[in-house]
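**Student:** Here are the chains, one letter per residue:
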Amino acid sequence: MPAPATTTGTVAEHKSGGFPPFNTSTYPSQIFWLTVTFVALLIVMWKVAVPKIGGVIGERKGRIQTELAKAEESRKAAEHAAAAYQAPILEARERARAASEASRTEMAREFERAKTSADTEAHRKTTEAQERIAAMQRQAKWHVTQAAEEAVVDIVSRLTGESVSRTEATAAVRDVLKA
Amino acid sequence: MAINPMEQFEVKPVSWAPHPLFHIGHYPIYFTNQALWMLVVFVSLSLFLILAVNKNRVVPTRTQSLAELSYEFVGGMIDMTSGPAGFRFFPLIFTIFMFILFCNGFGLLPIAFTVTSQIAITFFLTAVVILTAIVTGFVRHGAGFLKLFVIKAPVIIMVPMVLLEFISFCARPLSLSMRLFANMLAGHTMLKVMAGFVIGLGTAGGVYTVLAAAPEALIVALTALEFLVAFLQAYVFAILSCIYLSEALHLHDNH
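Same order as they appear, the protein sequences are chains Y and V.
In this text, residue positions in the first sequence follow my numbering: the first is 1, and each later residue adds one.
In this text, residue positions in the second sequence follow my numbering: the first is 1, and each later residue adds one.
By construction, these hints were calculated from the structure, which means they are not laboratory data.
One should not assume that every hint holds.
[Unchecked claim] Output of the computed footprint for chain Y on chain V, the stretches with three or more beta carbons under 8 Å from beta carbons of chain Y:
1. 23 to 30
2. 37 to 46
3. 87 to 97
4. 103 to 114
Being a predicted model, the structure only gives us computed values, none of them experimental.
No residue lacks a Cβ here, since even glycine has one placed at the ideal position from N, Cα and C.
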């Protein structure tokens, strides 16, 4: 089996075989290219990439800070506005409460007054009616007495044939009624 | 045909540039498969991170939020390990994390070369971290940086502890580089070995062809695991780097 073709035949210095990482003949090329790329990379990172990425991140952080501060300010302004909006509402509510309270007491007073006058009227009417009843009783009593006297005169004359004077009859009825 | 699972780790010049580009001293420098993928990582990473945030949207797109997520992820790592003082190392840690993450990630493409499967690469990255830590430590604390090895304790305990701390400090570059290297190497070797089984069984004919489904299923499972390892190792490397750098900044103060 033929050995795989490599370029080592044309390049004497880069020896093949053995454990490749320990092949010291490759070290100069390795170190040279590493130095070149690593130093170039270090410079690019140091001077360009790192400041750039750091700047982007810092800018965003700054912006977030600013926006947060702005948001905080807006929140405070909103709180003020809410307070300003609430104040007249509270005041109006207080006024409404006072007005309703006033009207309630006014109504109570009115009611009290009406009740009192109605009571007085009723009392007056009752007294009148009682007086009327008393008068009627007196009149009825007088009529009964008159009738009784006439009946006494009549009964006596019919039973005994004697006539009794009106005055006597009156005295007799009075005695009977008193008894 | 025998399949060598180590062949994938060979650093070799790309076929269209077989000759050294130039020499440094007498070391030839080739444009290798590894160099190609490091450039791919460099270009894609730069484009991704720059273009993602180019429009600067307040509400990010998915790409932009990925870029921001990476940034904040590394930021969180540094903050957690070394606090605000650690942020001077942000570009370094960010670069290391993203570079390793992308190298590991691209390495999972079937045609790709896994840059981080080379000890030379992982050791170099480790050296960058450890040397930065040492330089930072001495610049910040002068000779006081050596107090890193001293633990407040009776002398009889302290002397061996200083020795242990010193050994531990010296072992760091080794463990840091070996961990990443070995994880990448082992994962990809496993995948290649399983792939060898699939081809071997699949071409054997008869009942063996059916049996090839078993290693194939294992490859699928292992690939999923390798994605986890790719991320995890980048994270582990970055967070250990953070810890070492944090020690150089604060000594043992915050431990």
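**Student:** Compare the structure with each hint and give your call.
**Tutor:** Evaluation of the provided hints:
A stretch counts as covered by a chain when three or more of its residues have a beta carbon under 8 Å from one of that chain; for the stretch 23 to 30 of chain V and chain Y the count is 5, and the coverage holds. Look at the stretch 37 to 46 of chain V against chain Y: 6 of its residues bring a Cβ nearer than 8 Å to a Cβ of that chain, three or more, so the hint holds. Coverage of the stretch 87 to 97 of chain V by chain Y holds in this model, with 5 residues showing a Cβ closer than 8 Å to a Cβ of that chain against a need of three. A stretch counts as covered by a chain when three or more of its residues have a beta carbon under 8 Å from one of that chain; for the stretch 103 to 114 of chain V and chain Y the count is 0, and the coverage is violated.
Checked against the numbered hints above, the structure breaks only hint 4 and satisfies the rest.
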